[in-house]
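A.B. asks: Sequence:
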Amino acid sequence: MANQTQKIAFITGGSRGLGRNTAESLARKGVDSVITYHSRADEARAVVAAVEAEGRKAVALRLDTGAVATFDRFAQTLKSALRDTWGRERFDYLVNNAGTSHHNAFEKTTEEELDGLYNVHFKGVFFLTQKLLPLIEDGGRIVTISSGLTRFAMPGSASYASMKGAIEVLTRYLAKELAPRRIAVNTVAPGAIATDFSGGMVRDNPDLNKRVADMTALGRAGLPDDIGPMIASLLSEDNRWINAQRIEVSGGMAI
Numbered sequence: 002m003a004n005q006t007q008k009i010a011f012i013t014g015g016s017r018g019l020g021r022n023t024a025e026s027l028a029r030k031g032v033d034s035v036i037t038y039h040s041r042a043d044e045a046r047a048v049v050a051a052v053e054a055e056g057r058k059a060v061a062l063r064l065d066t067g068a069v070a071t072f073d074r075f076a077q078t079l080k081s082a083l084r085d086t087w088g089r090e091r092f093d094y095l096v097n098n099a100g101t102s103h104h105n106a107f108e109k110t111t112e113e114e115l116d117g118l119y120n121v122h123f124k125g126v127f128f129l130t131q132k133l134l135p136l137i138e139d140g141g142r143i144v145t146i147s148s149g150l151t152r153f154a155m156p157g158s159a160s161y162a163s164m165k166g167a168i169e170v171l172t173r174y175l176a177k178e179l180a181p182r183r184i185a186v187n188t189v190a191p192g193a194i195a196t197d198f199s200g201g202m203v204r205d206n207p208d209l210n211k212r213v214a215d216m217t218a219l220g221r222a223g224l225p226d227d228i229g230p231m232i233a234s235l236l237s238e239d240n241r242w243i244n245a246q247r248i249e250v251s252g253g254m255a256i
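Using the numbering used here, you'd call the opening residue of the sequence shown number 2 and step up by one each time.
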């Protein structure tokens, strides 16, 4: 029999970094997860095991979030997973987290690079959210992941930040258009975080890590544990009245 009180999150890019931390943070709050991964099935299995170690359920599904043509088939796969694992037709929380990094000067950025960013960071988010809307419970939540780079400018990030800026505008429109279904939609914008994103450059490059720390009010680069619990908190009932907001989680970077 379906358990309508058990909350289920769907997290893209949940096999590592901020997505993984979000799934684990939600598990500690009693929330189950469906995570997607692009290529590393082993890492996805490790996240499922970590969630299960918290006494919660998780399922990992493969998805290329930039391949819009696959979304119809994926939605059917997700429906089957929800039915088989939870006896449910819908999930509660959508976290659009999957992404790729990009660093290149504006004058050197190619059309191919820009198209790649667009497909994953905007077009993919737009149409995956659209495709999954029938599977989101009324009164559910959507969180889109942006970046501190939409507020402060770092040379080499024009293309990436522009896509995230588009996501922030989309978030406000979704909040307005999905209001009749009582679905709250917000953006979380992390600052520089020490993960394997961008080849681990913030985590593994001591000089860059120090530069980030020096420009951050709280005096260090961010960690995954600074972001995942915040997203889990945002999705909780405690924050049910937050809607259409961009919330930066950067420790006070570049203020």
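No wet-lab data here; the hints were simulated from the structure. Do not take every clue at face value.
Claimed, not checked - Taking lysine to any residue pairs in the SDA-like style, the calculated list, with each CA pair at most 20 Å apart, reads:
1. 132 with 211
2. 132 with 58
3. 30 with 6
4. 211 with 237
5. 58 with 88
6. 211 with 250
7. 124 with 166
8. 124 with 110
9. 80 with 135
10. 58 with 119
11. 109 with 58
12. 132 with 202
13. 132 with 114
14. 132 with 113
Claimed, not checked - Pair ranges (Cβ atoms, derived):
15. 253 with 119: 27 to 35 Å
16. 239 with 180: 34 to 42 Å
17. 112 with 238: 41 to 49 Å
18. 30 with 246: 16 to 24 Å
19. 255 with 197: 21 to 29 Å
20. 208 with 139: 44 to 52 Å
21. 109 with 197: 19 to 27 Å
Quick reminder that beta carbons are idealized off the backbone N, C-alpha and C, glycines included.
A.B. asks: For every hint, state whether the structure bears it out.
C.D. replies: Hint by hint, here is what the structure shows:
1. 132 with 211: 42 Å, violated
2. 132 with 58: 24 Å, violated
3. 30 with 6: 14 Å, holds
4. 211 with 237: 34 Å, violated
5. 58 with 88: 13 Å, holds
6. 211 with 250: Roughly 18 Å between the alpha carbons, so the hint for residue 211 and residue 250 holds.
7. 124 with 166: Distance of about 13 Å is within 20 Å: holds.
8. 124 with 110: Judged against 20 Å, a Cα distance of about 19 Å means the pair holds.
9. 80 with 135: Distance of about 10 Å is within 20 Å: holds.
10. 58 with 119: 33 Å, violated
11. 109 with 58: 45 Å, violated
12. 132 with 202: Violated, at about 34 Å.
13. 132 with 114: Judged against 20 Å, a Cα distance of about 25 Å means the pair is violated.
14. 132 with 113: 26 Å, violated
15. 253 with 119: 27 to 35 Å: About 31 Å separates the Cβ atoms of residue 253 and residue 119, which means 27 to 35 Å holds.
16. 239 with 180: 34 to 42 Å: 20 Å, violated
17. 112 with 238: 41 to 49 Å: 45 Å, holds
18. 30 with 246: 16 to 24 Å: Holds - the Cβ-Cβ distance for residue 30 and residue 246, about 20 Å, lies within 16 to 24 Å.
19. 255 with 197: 21 to 29 Å: Holds: the Cβ-Cβ distance is about 23 Å, inside 21 to 29 Å.
20. 208 with 139: 44 to 52 Å: 49 Å, holds
21. 109 with 197: 19 to 27 Å: 24 Å, holds
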